[in-house]
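With the hints as extra help, turn the sequences into a complete structure.
Number of protein chains: 2
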Amino acid sequence: MPAADSRTRFLDAAVHLIRTCGYEAATIDELCREAGLTKGSFFHHFRSKEDLALAAADHFAGAADALFGQAPYHAHVDSRDRVLGYVDFRRAILRGAVPEFTCLFGTMVQETYDTHPALREACDRHIGAHADAVARDLDAARADRAPDAEWTAQSLALFTQAVLQGAFVLAKARGGPEVADQCLAHLRRYLELLLSSPGSPQPGVTDHVHGQ
Amino acid sequence: MPAADSRTRFLDAAVHLIRTCGYEAATIDELCREAGLTKGSFFHHFRSKEDLALAAADHFAGAADALFGQAPYHAHVDSRDRVLGYVDFRRAILRGAVPEFTCLFGTMVQETYDTHPALREACDRHIGAHADAVARDLDAARADRAPDAEWTAQSLALFTQAVLQGAFVLAKARGGPEVADQCLAHLRRYLELLLSSPGSPQPGVTDHVHGQ
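If you read the sequences in order, they're chains A and B. Note that numbering that gives the first Met the number 0 has the first sequence beginning at 0, numbered continuously upward. Note that numbering that gives the first Met the number 0 has the second sequence beginning at 0, numbered continuously upward.
Do not rely on the hints blindly, as some may be mistaken.
Heads up, the list lumps identical chains together, so a pair's fine if it works in one copy or across two of them.
List of simulated lysine to any residue pairs, SDA-like, C-alpha gap at most 20 Å [unchecked claim]:
#1 38 / 7
#2 38 / 26
#3 48 / 119
#4 38 / 70
Hints listed in this document are in silico derivations from the structure and should not be mistaken for laboratory results. Keep in mind that this is a model prediction, so the values were computed, not measured.
Put into structure tokens, the structure is as follows:
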């Protein structure tokens, strides 16, 4: 299916270019050059750059869902281990060049939140959906380790995403992932402190894998 | 001094416009319109948009230094109170529209880190200088409350800045400051937990005010 193929090449080009230079600087000409396709092909698939960016957001979220859905931390029986394993996994994937490990949504919303409401909404929805997945494990860990805590799993899940987004900003400023890894080490320590009470006995399930 | 005045109008226009729509979308035409000045005046003061953005970064950092230098938390005798007071002050200034409380450096570096090395360097330097100021109080609090801690004041100071930058990203995605305030409440709780040991007796100084 050459049509489907060229659409995917535009989506991949948009994810890479926007993560590298932001939404506004990624012109349609640049996107065509990055995809190795013509402007005619672009307008065959997309009405506008915003239309492509919205599709690229779904594309990026789908890839992230697949990556996190298969990640090893879901196999932990103990909810606290799943929470800490999530942070360890986020640290493990801080690899390669900055555009490869930073977040399309955080990059895009930073500059478009006021001028492109549809992009703001898409970034909010995708960041929120990922936070919701984290919140499910945090909710279980809270019930198990800190049932009287004044914090909610939802606010803590959003905090994990804020730390990640801010860690990416600092990684961009410093030119590498080291500072982001340090920030995630602090996030891990905070979660360890919040969930430091002994948990209730776990059921005898050893291969309990949660879906995304 | 009309010349100095028009330069400041460009600096203020750049801070406002870049915080609203990002660096790339803030064209020289838009910057002139925002400042109410001509393109001739622009090029009298600045060689290029990047030249203006670098001057605007210094201008923004100067305003931030003045704001934080006069903030009430410096008056606390206890270093832990200064650290927590810093977070409380950051929460207190999460007011108004999103462009008014978010960070020029985080916004600008997000999209320019790869394409504009001079802007990346300026953002890194200014974020780092603010983190260094926070680190001085954290260093004192660590010595007083957690001398054997495995974390360093410098890494914790950078973590506070990551939380702030990420909180701004989420505030942009959500369209308001509430989520940022929730994130800073988590940051405060983390600092409280790290610095929870009783401090050594304070010297009898009650009006000890640290400069910025």
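Consistency of the hints with the structure:
| no. | hint | verdict |
| --- | --- | --- |
| 1 | 38 / 7 | within (15 Å within a copy, 42 Å between copies) |
| 2 | 38 / 26 | within (11 Å within a copy, 24 Å between copies) |
| 3 | 48 / 119 | within (15 Å within a copy, 26 Å between copies) |
| 4 | 38 / 70 | neither (38 Å within a copy, 54 Å between copies) |
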